[in-house]
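Enquirer: If you read the sequences in order, they're chains A and B.
To convert, note that position 304 of the first sequence is 304 in our numbering; the numbers rise steadily by one, no gaps.
To convert, note that position 158 of the second sequence is 158 in our numbering; the numbers rise steadily by one, no gaps.
These are calculated hints, taken from the structure and not from any lab test.
Predicted, not measured: the structure shown is a model, and the values here were computed from it.
Beta carbons are placed, not taken as given, at the ideal position from N, Cα and C, and that holds for glycine.
Please note that the accuracy of each hint is not assured.
Calculated cross-link-like contacts (lysine to any residue; reagent style SDA-like; alpha-carbon spacing at most 25 Å) [stated by the list, open to error]: (1) B:K70 <-> B:M55; (2) A:K196 <-> A:L106; (3) B:K42 <-> B:R193; (4) A:K55 <-> A:F287; (5) A:K55 <-> B:A151; (6) A:K19 <-> B:R193; (7) A:K113 <-> B:R193; (8) A:K18 <-> B:G169; (9) A:K113 <-> B:I22.
Which bits of chain B does chain A cover? Going by a derived footprint, with three or more residues having C-beta under 8 Å, they are [what the hints assert, rightly or not]: (10) 76 to 88; (11) 144 to 150; (12) 286 to 295.
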Amino acid sequence: MNNPNGHFKTALNRLIRKKIAVICIIVLIVIYISGLFASVISPYEYTAQDYTNIKKPPSIDHIMGTDRAGRDVFTRVLWGVQNTIIITFVALITGGIIIGVGLGLLAGYKGGKTDSIIMRIGEISSSFPDILLVIILAATLRPRVLDFVRFLEDSYNISGLVKSGIADYLVVSLALVSFGWIGTARLMRAQVLSIKENQYIESAKSIGASTNRILFVHLLPNAISPLVVSITMGMGALIGTEIILSWLGLGIQPPRPSLGRMLLDGGSISIIRNEPWLLIGPGIVVFLMVLCWNLLGDALNDVLNPKTR
Amino acid sequence: MWQYILSRLMWIPFLLISVAFITFILGRFGPGDPIEIMMGTKYDPIVAERVRSEMGLDRPIISQFGSYLKNASQGDFGESLRYRGRSVSGLIGPKLIVSAKLSFVSLLISILIGLPLGFLIAHKQGTWIDPFIVTISVTFMSIPIMITIPALLWIGCLKTDLVPCSGWGGLFDRRIIIPALTMGIPGIAFMIRIMRASTLDVLGEDYIRTAKAKGLNFFTISNRHVLRNSMIPIVTILSFSLAGILGGAFITETILGIPGVGRFSVESIFNRDYPVIMAITLIGAVAFILANLVADISYSIIDPRIRYR
């Protein structure tokens, strides 16, 4: 009755007819590809300083201008985008998808004690006001994670691990995971609770299908469209939180560029008055990323869940 | 019903203890020794040892946590590590009031503009106005605060000299305009979306058609039938916004130099002033949990069809 492939095909067709969604997909693809290939695209090194070109407005050589150390803003934005992409992607895969979906499926399907334990833990971590938990975690975890990376470096003789800044990525992703999983888990649980009443689940059980098979072959595919919508809609917020962390100085550490740090540096009154391009360049990129994820999420919601408004 | 409320109320202390415990552990295992922070440059190992045993920091962590909880339940959150001799409650109190005033004004802005707009565009579904306003509101929701504030400052302070660039002067001071707008703009967009969705749900009901068929005028239908029902989801949102009033706004307060809880908690995280961080987290968690409860209970009062087991 409900062929999942057909469902997605019609959804895709309807999505393509939405102009805003198509524009957003294109913008996101452009931003993500230029971020991921920052090393190829960027015209300069992100630490390269050009003392003859300090605080210069945008020109052909520096299309977003240069900062107070003579570094090319465009290059730094590209690398900042790359850092944001990596961190949000790691947080999404581990927190949103593996932990969130896994625990949500388990809670909904098993019910009883498993369900209440998982949901209670979720309730505790969502009782922390706002993003305070993320901030506290990012602030307190850093030295521990740094120690751990040093330990790895020493015991396995991998050089340059600390220098590569992998600890920063770990800290921020871990902190983001702490609040990222609850929403997905609740959504999956609600989905599973309604889907598992269907007859096909009962028949699968009666022919002796294993729990894993029921979870991943029967339940998950049928719960996928709300999941896609909520993940797309949540990406904007995830990017926003990452940027808040690096804005507070808890994210990627200088000299590696981060978008939050650039917004912090560009946001002071004297900079807005004298060198506004320091804010405009990174600002527009951040805004476009968040906006496009949100608009795309909206469009997907219309297309995949036509009943909700 | 009463049983439901009672079981929820009994769960609250457990939630709070868990939140307190997580913050406590993170604080103890986080970077920096509290005694070192207190003594600053006058650090002396012998004195440090004495202070440590005086403050009970050499006792097992569970017994430290126990005495902390006992004091906290009586409103005594200990002494600030950074501001010597000042009690945490005395430090936070005035800042809570500042944040509450600011959040109240921004909430008022978002309600007064957002709710009527959302209600009106729900009636315009199918015309260009509806998707237009919805897209505009997503756009405004997507602007990161770190960009909103410099933009508003540029308009209001650098170009037109309408308001001073930073600072705080209370509820009836011009300086409240920029922070209130900054926090209000995403709020407006959010209110529009929620109000639109819930009004659309109600407009599709049979009793609205009946009311129209009886020949009631637009005002009566809106007032008696639509608004009363479409306000139900808004109650939840409002109670959470009220909880948010206590939380303050980290970034807005930090950039604009407003002496509220948000800015203070960011400062305290960097100062490693754990007693303050714990107190803010706990107060925020209490507000949030209570808001959750109030929302659920008021649901069943407004809409008698909702009953809890």
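Enquirer: Between the alpha carbons of A:K196 and A:L106, is the straight-line distance 25 Å or under?
Expert: 12 Å, holds
Enquirer: Would you check the hint for B:K42 and B:R193, treating anything up to 25 Å between C-alpha atoms as holding?
Expert: 56 Å, violated
Enquirer: Are the Cα atoms of A:K19 and B:R193 separated by 25 Å or less?
Expert: Judged against 25 Å, a Cα distance of about 21 Å means the pair holds.
Enquirer: Are at least 3 residues of the stretch 286 to 295 of chain B within less than 8 Å of chain A when you compare beta carbons?
Expert: holds (count 3)
Enquirer: How does the coverage statement for the stretch 76 to 88 of chain B fare against chain A, requiring three or more residues with Cβ below 8 Å from a Cβ of that chain?
Expert: violated (count 0)
Enquirer: Is the hinted pair A:K113 and B:R193 satisfied, with a Cα-Cα distance of at most 25 Å?
Expert: With a Cα-Cα distance of about 37 Å, the restraint between A:K113 and B:R193 is violated, given a limit of 25 Å.
Enquirer: Can the restraint linking A:K55 and A:F287 be considered satisfied, given a maximum Cα separation of 25 Å?
Expert: With a Cα-Cα distance of about 23 Å, the restraint between A:K55 and A:F287 holds, given a limit of 25 Å.
Enquirer: So if I understand the rule, the pair passes when the alpha-carbon distance is 25 Å or less; does A:K113 with B:I22 pass?
Expert: 22 Å, holds
Enquirer: Can the restraint linking A:K55 and B:A151 be considered satisfied, given a maximum Cα separation of 25 Å?
Expert: Holds. A:K55 to B:A151 sits at ~20 Å (cutoff 25 Å).
Enquirer: Is it true that the CA of A:K18 sits at most 25 Å from the CA of B:G169?
Expert: Violated, because 47 Å separates the two Cα atoms, which is more than 25 Å.
Enquirer: If you count the residues of the stretch 144 to 150 of chain B with a beta-carbon closer than 8 Å to a beta-carbon of chain A, do you get 3 or more?
Expert: Answer holds; 5 residues pass the 8 Å Cβ test.
Enquirer: Mind checking the alpha carbons of B:K70 and B:M55 for me, to see if they're no more than 25 Å apart?
Expert: 15 Å, holds
Checked against the numbered hints listed earlier, the structure breaks hints 3, 7, 8 and 10; every other hint is satisfied.
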